[in-house]
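Student: Protein chains in written order, with my numbering: chain A, 1 to 221; chain B, 222 to 442.
Bear in mind the hints are in silico, worked out from the structure with no lab data behind them. We put the beta carbon where it would ideally sit given N, CA and C, even for glycine. Treat the hints with care, since some could be wrong.
Claimed, not checked - Cβ-Cβ distance ranges computed for the label pairs, FRET-style: (1) B:N361 to A:Q7: 36 to 44 Å; (2) A:D155 to B:P335: 28 to 36 Å; (3) A:R108 to B:A294: 45 to 53 Å; (4) B:S242 to A:G139: 33 to 41 Å; (5) B:L333 to A:S167: 15 to 23 Å; (6) A:Y115 to B:K267: 22 to 30 Å.
Number of protein chains: 2
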Amino acid sequence: MNLHQNQELAELKDKLLAMASRVETAITKGIRALVERDDDLASKVKIEDDEIDELEIEIDDMAVALLAKAPLARDLRFIIVAMKICQNLERAGDEAAGVAKQAIRLNREEQLKPYVDIPRMADMALDMLHRSLDAFVTGNATVAREVLPMDLEVDDLHKQLQRELVSYMLESPSTITRCLALLQLAKRLERIADHATNIAEEVVYLLEGRDIRHGNKGLDT
Amino acid sequence: MNLHQNQELAELKDKLLAMASRVETAITKGIRALVERDDDLASKVKIEDDEIDELEIEIDDMAVALLAKAPLARDLRFIIVAMKICQNLERAGDEAAGVAKQAIRLNREEQLKPYVDIPRMADMALDMLHRSLDAFVTGNATVAREVLPMDLEVDDLHKQLQRELVSYMLESPSTITRCLALLQLAKRLERIADHATNIAEEVVYLLEGRDIRHGNKGLDT
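Generate the whole structure from the sequences, applying the supplied hints.
Tutor: Structure follows, in structure tokens:
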């Protein structure tokens, strides 16, 4: 791959980072829309998501064009991983849009209780997303591997929240619709953390050439 | 791309079909486990899912090896689409495993009511999956496009089921945990239909070179 192509790879990386930044903004806005009961903010997430979708198509097109130039093995892997990261970011953007949608639903009713665990889950998912992209950009497999156990923490917090919300519903059925909306919102945050984990796994694969998907996570850490 | 590589493309296609067939079996077993209240069958879905995960890694490796051989533009696109289909199948397999898990949970309690809409949703999702793969194998864009509106039907059925289950919960709170399990199970079927839709969109892109993701579905149909 020549100098020109190297520049194209750098552009691909930059575009992916721009996409990741939009996804982070979308998640942050979705959660702020819930906590601050701000419907206007929630509706802005939709615009963010449209831009994320456009970036996905642009990145995909760039990647296909680069693959057509018969890249070196190392660059080939980089391009494929970039495409996979892109797909995960697009889905994380969809989840952020879903968070905003549930926020609008929840803002219509009286707040069930102060939101503590949900913003915490969101912070953790954002942190994972940020670190996995950082690992990709800096080429740091250690940082990527550090993301993997964080997903278990998010899962634990999610399960705890689920149990708590089910107790609420059983104790006072009048809270059922709100609890269901919160359950759906929390599930979306949990999926964002899953996408961050997928990205981290792809980065490890890129840097170490080892496939650590499907439960082999603990073997080398 | 030479004759040898053509054979490799055919192998890639065959492996993808084998994977799709496992995913279909996993979904069918998961739903049968629920309807027939058969925990043994549900536990077999886990084995199926492990095999699906192995096939994903094999297909990915085959695709990367093929991409490294500087394929012609047309074949390049075929290989990339095969990788994307593979990823969607893997996630559909995960959803099938989730269906089986909820079936085990539901089988522990008295059946809420005869399952009608859930098997119907599953049949529709299976049909979509089958058709989108068929469109890929036969290179038929018309069949692929026919899958897209089916997703709307699944979404409608899903929303109807959600409303019904929420009414149940409100009327008799003792059904809450069962209703929640059914809601989660239905959500997984809805996601399987989404994956089938993604596959159909990829097939249209492969055959027509047009990207119809992100809400442009209705434009040309």
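Student: Each of the hints needs a verdict: does it hold here or not?
Tutor: Verification of the supplied hints:
no. : hint                         : verdict
1   : B:N361 to A:Q7: 36 to 44 Å   : 40 Å, holds
2   : A:D155 to B:P335: 28 to 36 Å : 33 Å, holds
3   : A:R108 to B:A294: 45 to 53 Å : 51 Å, holds
4   : B:S242 to A:G139: 33 to 41 Å : 39 Å, holds
5   : B:L333 to A:S167: 15 to 23 Å : 20 Å, holds
6   : A:Y115 to B:K267: 22 to 30 Å : 35 Å, violated
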